[in-house]
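Q: Take a look at the letters that make up each chain.
Protein chains: 4
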Amino acid sequence: MAHDEPQRAARSDAQRNLERVLRAAHELFAERGADVTMEEVARHAGVGVGTIYRRFNSKEELLAAVAHAACASTCDSLRAASHATNPIARLKALALVQFHHSAHAPLTHALPPIDAAEPEEVARLLHELLADAIADGQRQHLIRDGDPRLLAAFCLELLSLRTCRRLGNACQADAETLAEEAVRFVLHGLSRVTA
Amino acid sequence: MAHDEPQRAARSDAQRNLERVLRAAHELFAERGADVTMEEVARHAGVGVGTIYRRFNSKEELLAAVAHAACASTCDSLRAASHATNPIARLKALALVQFHHSAHAPLTHALPPIDAAEPEEVARLLHELLADAIADGQRQHLIRDGDPRLLAAFCLELLSLRTCRRLGNACQADAETLAEEAVRFVLHGLSRVTA
Amino acid sequence: MAHDEPQRAARSDAQRNLERVLRAAHELFAERGADVTMEEVARHAGVGVGTIYRRFNSKEELLAAVAHAACASTCDSLRAASHATNPIARLKALALVQFHHSAHAPLTHALPPIDAAEPEEVARLLHELLADAIADGQRQHLIRDGDPRLLAAFCLELLSLRTCRRLGNACQADAETLAEEAVRFVLHGLSRVTA
Amino acid sequence: MAHDEPQRAARSDAQRNLERVLRAAHELFAERGADVTMEEVARHAGVGVGTIYRRFNSKEELLAAVAHAACASTCDSLRAASHATNPIARLKALALVQFHHSAHAPLTHALPPIDAAEPEEVARLLHELLADAIADGQRQHLIRDGDPRLLAAFCLELLSLRTCRRLGNACQADAETLAEEAVRFVLHGLSRVTA
DNA sequence: CATGAATGAGCCTTCATTCAT
DNA sequence: TATGAATGAAGGCTCATTCAT
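Chains as they are written, first to last, in the numbering used here: chain A, 23 to 217; chain B, 23 to 217; chain C, 23 to 217; chain D, 23 to 217.
Read the hints as simulated data drawn from the structure, not as lab findings.
Small disclaimer: the values here were computed from a predicted structure and weren't measured.
Using N, Cα and C, we set each Cβ at its ideal position, and we do this for glycine too.
Some hints here could point you the wrong way.
The calculated DSBU-like cross-link candidates involving lysine-lysine, where the alpha carbons are at most 30 Å apart (straight line), are [to be verified]:
hint : chain 1 : residue 1 : chain 2 : residue 2
1    : C       : 114       : D       : 114
2    : A       : 81        : B       : 81
3    : B       : 81        : C       : 81
4    : D       : 81        : C       : 81
5    : A       : 114       : B       : 114
Sample of chain B residues with no beta-carbon within 10 Å of chain A, all distances over it, derived [stated by the list, open to error]:
hint : residue
6    : 91
7    : 99
8    : 160
Chain D residues, not near chain C, derived (Cβ > 10 Å throughout) [as the list claims (entries may be wrong)]:
hint : residue
9    : 48
10   : 52
11   : 68
12   : 80
13   : 81
14   : 97
15   : 100
16   : 101
17   : 110
18   : 164
Could you build all of it, start to finish, from the sequences and the hints given here?
A: Next comes the structure, spelled out in structure tokens:
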């Protein structure tokens, strides 16, 4: 037991390094996409490049791992958001998840097709849950008619941080305000036009 | 005049090469952004790298030229689209321009800030014209209330080829159909909800 | 302290590589000027090109560094040579410094104007010290009359390794012998012609 | 005969082009050495690159031709200068030839060893004639003792335009004045020290 | 013959990856 | 196990040379 201490310490050190690497990689890749140097990631994480290559066999693997973590986090949020029973509330909650997930756009965009399965799966799931909510809303006559999958897709598109950034350039509002406006616009777009 | 022939012949050949280079560069940059090799562009155009460098001093200049051409084309379309007097028709026409202009997204995204002025100017103009159309529509009670600039921004975002490509993955329709659906969604979102 | 060893070992290895690079670069640049390939320098130093670029941001910087080292070495020699009190002895010593410094002629010639400040400063200093020695000699009636700056310039010109190499082609003597002959010629040229 | 006219005109045109190319190449190479672009030479000569390649199979050949012309000119001057009977006058005349020949230094410096035979032959001849003059002067007790070949070599070195340019930086005199000073210095260096 | 557009080998430089310490 | 120096393949760019007009 006594001689376990240093090992455990070493292990926790390694664990901490792994986390630092992932955090650093996430920040940089999410901000600037794939054209960030491994050296830069290492520096940002406060380790040497070798330390990264001990855990990840290539830059691609690191990208995939970071994307995986982001997707896992989004999935947690999705599970929580899909519990609401009211279709409109569910729709709002899911939209908010999409809004935050889109913050990693440059990251998922940078993935090579072979590694893009998971982010696409997340997008697929998000889209499915959104379509379900819309279909429910249609059944309850809260939302206008139309292919739910298509309507859901439009909603997703409208609710990305990237979008909000561009709006910030054209208009005069902060991201959060714009997000709310976007949800409102979407809901209006989905609302029934009564007569 | 007769002795002009060879010169003009040489020039027309060069002209054709220039066009091939621009076309090749446009296709590749618009598809995959800036991380396309000059060698690749040259191969795609059926010329050597030197031929490209005879016309463009750097990859950056080539990118800028291609972006310029795309912007000029979009401007032509904008002029044509902004003639419609009916606000809704104008809105549809402008939306279609945006739809096609967005096909170059990775290209304009790849431009260094210094060269991004023109694409941003086009985006600004597109946005302004759309906002004008929306404001007109509001005055004629054809479009619901709300900041025209904000509403216009949402419309733009929704009408990109990129968006349509993603929708193509999730749904079962070709790009043109999706574009029409998107316009319809947007118009519904802008329509007055008559109690 | 014990755990400093590996770091210091790594550092000393790197240090040795740096020295090898500088030595290789010096030899090649001094011999053939700037049109030596970085690959060639690397091969000559027994390293990869990347190793050079780790220390020097560009070929120009490498050139500048090599030139700086050569100038520093010359400055040391100058300090030592300028201590002699006898003007003739001082003149001889300085002439020898010039003789050795001129071995790097193609190197300093290859520097871009922006980096040429230091070599020019060395040349200026050498010239100034030589002119001082000549002026002293004139005051003591050991050297014939004439503008000391001009006479000094002639001396410098006559005392270059490059010159000696050419003499070696035309005559039948080694460089050192020729250097001595050159000093003798110079001194004779500077000597007072006593009617 | 009538139909000879255009041919002769064409031929004289070609002749004129050849001269222009040689003159342009001479000016540029003599000023900046071998790192002048063929395109630059062509532009300077007012022709296309193809016209140069019609006469010279390579840049190297052009360099050699330009060097040949310069050497031939120098040889003419040498022949004229070597007629003087007075050794001192002959020495001065030859020194002046060297002074002007050295104006092409960067050009001859740029020649690859294989083509350097002729310039070296000129240098050899110049050196030989100078040594002869010195030997004559020694026989007539006008010049101090010493190996004539060695003394001649020193004279040559001292009398280059390149030298004069550098002196111009350090002192305050134009090239011609400096040349005269150099000759004076050389003659003083060669003069007999009586007693 | 003249032209100058096209070619492509080769140079400088970057960066993912490896490996000695 | 962590470090960061070393490696070298690959990309941007230049320029001697060729060739269609």
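Q: Each hint: holds or not?
A: The hints, checked one at a time:
| no. | hint | result |
| --- | --- | --- |
| 1 | C/114 x D/114 | holds (28 Å) |
| 2 | A/81 x B/81 | holds (26 Å) |
| 3 | B/81 x C/81 | holds (22 Å) |
| 4 | D/81 x C/81 | holds (26 Å) |
| 5 | A/114 x B/114 | holds (28 Å) |
| 6 | 91 | holds (23 Å) |
| 7 | 99 | holds (20 Å) |
| 8 | 160 | holds (14 Å) |
| 9 | 48 | holds (21 Å) |
| 10 | 52 | holds (16 Å) |
| 11 | 68 | holds (29 Å) |
| 12 | 80 | holds (17 Å) |
| 13 | 81 | holds (14 Å) |
| 14 | 97 | holds (18 Å) |
| 15 | 100 | holds (16 Å) |
| 16 | 101 | holds (20 Å) |
| 17 | 110 | holds (15 Å) |
| 18 | 164 | holds (13 Å) |
Hint compliance for this structure: no hint is broken.
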